[in-house]
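Now for the letters of each chain:
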Amino acid sequence: MSALAANGRWNGAVTSRPLPDTRDELAELAPALREHLARIWLSQAATEARVAGSFTIVHRALLDLGADRGIVATAQRAIDDEHRHTALCRDVAARYFGAPVIAPPVLELVPPRHELAPSVEARQALWVVGQCAFNETFASAYLSLCHERAETKLARAALRELLSDEIDHARIGWAYLDSMPSHLAAVVQDWLVPLAESNLREWRKVRLVEDESLAKHGIPPAPAVEDALLSAVTDLIVPGMAHVGLDPTALARWSRMQH
Amino acid sequence: MSHRLLPTIVFASSSLLACGGQLDAITDGPDAPPGPPPDGAADVIARDAAIDATPDVAPITDAGPDVRSCEGGWPTTKGQICTFDAGIACCSPAIGQDGGEVICCATGGQ
Numbered sequence: 022m023s024a025l026a027a028n029g030r031w032n033g034a035v036t037s038r039p040l041p042d043t044r045d046e047l048a049e050l051a052p053a054l055r056e057h058l059a060r061i062w063l064s065q066a067a068t069e070a071r072v073a074g075s076f077t078i079v080h081r082a083l084l085d086l087g088a089d090r091g092i093v094a095t096a097q098r099a100i101d102d103e104h105r106h107t108a109l110c111r112d113v114a115a116r117y118f119g120a121p122v123i124a125p126p127v128l129e130l131v132p133p134r135h136e137l138a139p140s141v142e143a144r145q146a147l148w149v150v151g152q153c154a155f156n157e158t159f160a161s162a163y164l165s166l167c168h169e170r171a172e173t174k175l176a177r178a179a180l181r182e183l184l185s186d187e188i189d190h191a192r193i194g195w196a197y198l199d200s201m202p203s204h205l206a207a208v209v210q211d212w213l214v215p216l217a218e219s220n221l222r223e224w225r226k227v228r229l230v231e232d233e234s235l236a237k238h239g240i241p242p243a244p245a246v247e248d249a250l251l252s253a254v255t256d257l258i259v260p261g262m263a264h265v266g267l268d269p270t271a272l273a274r275w276s277r278m279q280h
Numbered sequence: 113m114s115h116r117l118l119p120t121i122v123f124a125s126s127s128l129l130a131c132g133g134q135l136d137a138i139t140d141g142p143d144a145p146p147g148p149p150p151d152g153a154a155d156v157i158a159r160d161a162a163i164d165a166t167p168d169v170a171p172i173t174d175a176g177p178d179v180r181s182c183e184g185g186w187p188t189t190k191g192q193i194c195t196f197d198a199g200i201a202c203c204s205p206a207i208g209q210d211g212g213e214v215i216c217c218a219t220g221g222q
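Line order of the protein sequences matches chains A and B.
This note's numbering puts the first residue of the first sequence at 22, with every later residue one more than the last.
This note's numbering puts the first residue of the second sequence at 113, with every later residue one more than the last.
Keep in mind that a hint or two might mislead.
Per label pair, the in silico range of CB-to-CB distance [to be verified]: (1) A/204 to B/198: 48 to 56 angstroms; (2) B/183 to A/24: 28 to 36 angstroms; (3) A/52 to B/193: 23 to 31 angstroms.
So, partial list: chain A residues that the calculated Cβ filter (under 7 angstroms) puts toward chain B [to be verified]: (4) 63; (5) 69; (6) 87; (7) 89; (8) 129; (9) 134; (10) 203; (11) 215; (12) 222; (13) 266.
These are calculated hints, taken from the structure and not from any lab test.
Since the model is a prediction, treat every value here as computed from it, not as a measurement.
Think of the CB as a built atom: it goes at the ideal place given N, C-alpha and C, for glycine as much as any other residue.
All chains, please: the whole structure from these sequences, using the hints.
Structural data, given as structure tokens:
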């Protein structure tokens, strides 16, 4: 795992404030449940690390696109944010497990190919919008649900930290959409439904449990996750696209077909 | 109906512009209703509300699959794809050490 940047969001710390001491709370859980939760958080540590790679690509794209320096700076910070998330998730896994846990495995990153993008520049714009305005907006909606349903102190604290960053990461995409040149906006306009469909498909793979058994630990049931994702499209991304001046009609129509 | 994160994520995104993205952290209080929109956003919200209220009368048609939709999206931060068949315990007995000493790795947390 990469070292955390001293000039990162929390000046080299993993979180804005230390996680609460929840040993008493966790001691009441069955060992098997604790290990199950630890495995979930350790797996998330691996996926968070992979997204640091995604933001390395997004940051490079924003630089090449000549995006506003505030957007570029936030994207650069996002790389470190994702490394912090990796450390946070591994720490939470260890707390649930009750002992140190292995380093998360390194996962391969395969960014979207967007072979039909009309230019390299257009592909880079699609990467920014896909990763930030779609993927990270889905992440924010998902984490918001997880936080809303979580009851344990450890889960609530960890989820709050993650959500705080993911919202900033989503804002990168929306700020870029609101400031991008018109010729690239026209490309994105034509790709709204493919971007929504391909990224929503990835999120629909996140199905942990079907029931409420882990909800208080911040892991809501699959039907609630599905509702949150669809609501993010219909009530957040669609009006968001209208807000930045794109025509969301086709996207709205597609989203209704998903319900 | 607007999503409660719409003002936070979309309307407030302009605060990133040339400011380095230094934004407020999320507090862990009771879930509050969305705060007031940024300055100047009221007319934007009104415009969006008008968009929301505009009936979309276009017929739903199936134009066939779009190959662009068939490619993979960006990987999520929350995919649960690791199985850890060998377990997740970090500790292992130290080789050549008497007395069962155990060596563990650091977790990297605070």
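Structure-based check of each hint:
1. A/204 to B/198: 48 to 56 angstroms: Given range 48 to 56 angstroms: holds, Cβ gap about 52 angstroms.
2. B/183 to A/24: 28 to 36 angstroms: 34 angstroms, holds
3. A/52 to B/193: 23 to 31 angstroms: With Cβ atoms ~24 angstroms apart, the hint holds.
4. 63: 6 angstroms, holds
5. 69: Status holds, d = 5 angstroms.
6. 87: Since chain B brings no Cβ nearer than about 13 angstroms to residue 87 of chain A, farther than 7 angstroms, the hint is violated.
7. 89: 5 angstroms, holds
8. 129: At about 9 angstroms, which exceeds the 7 angstroms cut-off, the nearest Cβ of chain B leaves the hint on residue 129 of chain A violated.
9. 134: 6 angstroms, holds
10. 203: 18 angstroms, violated
11. 215: 4 angstroms, holds
12. 222: 6 angstroms, holds
13. 266: Constraint on residue 266 of chain A not satisfied, violated at 10 angstroms.
Checked against the numbered hints above, the structure violates hints 6, 8, 10 and 13; every other hint is satisfied.
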